[in-house]
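Chains as they are written, first to last, in my numbering: chain L, 18 to 383; chain U, -7 to 158.
Read the hints as simulated data drawn from the structure, not as lab findings. All C-beta atoms in this analysis are idealised placements derived from N, C-alpha and C, irrespective of residue type, glycine included. Do not rely on the hints blindly, as some may be mistaken.
As the list claims (entries may be wrong) - To list a few chain L residues with every Cβ distance to chain U over 10 Å, as calculated:
1) N22
2) N31
3) V48
4) M77
5) G145
6) P223
7) L239
8) G278
9) A339
Claimed, not checked - With a Cα cut of at most 20 Å, we get these calculated DMTMM-like pairs of lysine to aspartate or glutamate:
10) K58/U x D60/L
11) K116/L x D43/U
12) K28/U x E86/L
13) K80/U x D135/U
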Amino acid sequence: MALENHNNLRRNENKNILSFLKSYGIDIAFVIFCIFLALYYTDFISVLRVPSHDGTVYLMNAHDWLNNEPLDEIYRPPLISWIIAGIWSITGENWLLVKGLQAMFTIGAGVVLYILLRKYKGNVFAFGVTALTMINGPVFLFSTQILTEGLALFFLVLSMYFLKSRKEKYWFLAGITIALTFASRYPVFLQAIAIFAVESILSRKPKLALRTISSGVPALILIALVVYLKAGTFTTALSKDTTIDPFLSPYYLVNSINIWGLPFLLVPIALIYRRTYDDKFNYSFIVWFVVSLLFWSASSSNWQFRFAIQYTPAVYFLSILAIENIVKSGISINSTIVSYHGAIRSRLRRIKRISKYELFGDFGNE
Amino acid sequence: MTRLIIAKLKKIHYWIAGAAITMVLVGAVYAHAQSKNHLGAFGDTANINDDLYIQAVKNLTKSVPKNETLVVTANSAVIKYFSDHPVKVPWRGKVTSEKTLLTWMSNLGYKYLVVVYTHGKGTSITELRPIFSNKGLRALSADFQKLGETRTESAKLLLYKKIEQL
């Protein structure tokens, strides 16, 4: 009796472990992935001995904010320099202390993206998109430097997370994160606005959009005002980088495989499936991808791999969506085959009948 | 026969999906491995892993009086931050030869020149390449006095002072 109880207990335990693994197996895999990613970043960053040119400019601007000196390059977005200055105000000025700063934000962006997609698309889908984004070459390599791409990616994904919920307080927070996206990297603001516009239309609740505007506009004004008071002007880019060419550059399409790898080939497949447009959740990702691609391709002279970093999640979202569409549209493929088969048979029957009447010279008198 | 073909075709989407997943996995890993080759800042010619670079900049420029502007041929921000000197890059058409470099420096009161010689080039700015090529650097000695030279893992840093004309 005791042995039987013991066996039952063990069987229940095994059942519980199995059901736990079934429910959280992918989540555990994602946590392990994040740990390995953090170790990979640590390994890569630990051997960095010289900051990049742009990275050094952000360090100099941080020094200037901290010591109340004129900014070295006034058109640079201020957020990364503010964060560095904040850290240095506690620790003292040492560039080695902030080497890994951007990597933390990039990993943070991955975690937020996973949580967002897990909720709406399931954990396998979420893991696929997040893992592809995190191991993407430009995303990884530029996140090892003191730059703004990972920072902007984090606030952009966080904005989307807030906007995908339908709670008022989250839309209020989205206004602040959109403003922080602007402070991280000025041009990425457009991507945040595109996502905000799509979600506002889909929600059909002007009250939610007003919430975002009510927090976002003052935050934007505050950021611009602080920079203006410091620099005496507010410039978002060098004039040579702001010229737009109506004849879009094919740079990002020509280099798409080098930037995103072979998964990019699946993006057009995702866009031709009707299923893609049946789920309204996908709309903001589609718009995010299209607006970003058009925006960066419209530049008349400045095209770089790293400009593609912020919309990399949208590219991989569409790639994984294409796979999901292929798997789930099996039923429609079968029914298509059956209907084509039926149509061909009926046509054949008709041809036979026509031939018969023609042979007897009685065509049209059926 | 037709039924058999249909039954086989019914599974085609699984094969397509499997192929797509394989393509995504292999493609993503391959793209990651190849990305360093496409990004110059991380390639073999980059100095980001140079153990000696920052110390070399500090050592080379410590003899330059404070507040003196350094005319630099590359890595302007890094040299500015770690040498704690103002820097200026001679480009945008003002400097095209050693003579124009000299005139430009004299007009602005600059005395010191730092050449970052790396991978056979003294600069990445096309217009300045002849001045800071190997041959160009040898010709500089008529108007510039070489104050120092230091080697790092990825570059050779040279410090010159303009010879004052009497």
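How the hints compare with the structure:
1. At roughly 44 Å, the least C-beta separation between N22/L and chain U is larger than 10 Å, which holds for a residue marked as non-interface.
2. Chain U leaves N31/L outside its interface by the beta-carbon criterion, the shortest separation being 30 Å against a cut-off of 10 Å.
3. Every beta carbon of chain U lies more than 10 Å from that of V48/L, the smallest distance being close to 20 Å; the non-interface claim holds.
4. Against the 10 Å criterion, M77/L falls within the reach of chain U, whose nearest CB is about 5 Å from its own CB.
5. In this structure G145/L is not separated from chain U by more than 10 Å, as the shortest Cβ-Cβ distance comes to only about 8 Å.
6. No beta-carbon of chain U is positioned within 10 Å of the beta-carbon of P223/L; the least distance is around 40 Å.
7. Remark: the non-interface label on L239/L is consistent with the geometry, its nearest Cβ contact in chain U lying 28 Å away (cut-off 10 Å).
8. Not every C-beta of chain U lies more than 10 Å from that of G278/L, the closest at about 3 Å, which undercuts listing it as non-interface.
9. For A339/L, the shortest C-beta to C-beta distance to chain U comes to about 7 Å, within the 10 Å cut-off, and the non-interface label is violated.
10. Restraint check for K58/U and D60/L: the C-alpha separation of about 37 Å exceeds 20 Å, so the hint is violated.
11. In summary, the hint linking K116/L to D43/U is supported, as the alpha carbons are separated by about 15 Å, within the 20 Å threshold.
12. Taking the CA atoms of K28/U and E86/L, the gap is about 36 Å. The hint is violated against a cut of 20 Å.
13. Between the alpha carbons of K80/U and D135/U the distance comes to roughly 19 Å, so the proposed pair stays at or under 20 Å and holds.
Consistency with the previously given hints fails for numbers 4, 5, 8, 9, 10 and 12, ordered from lowest to highest.
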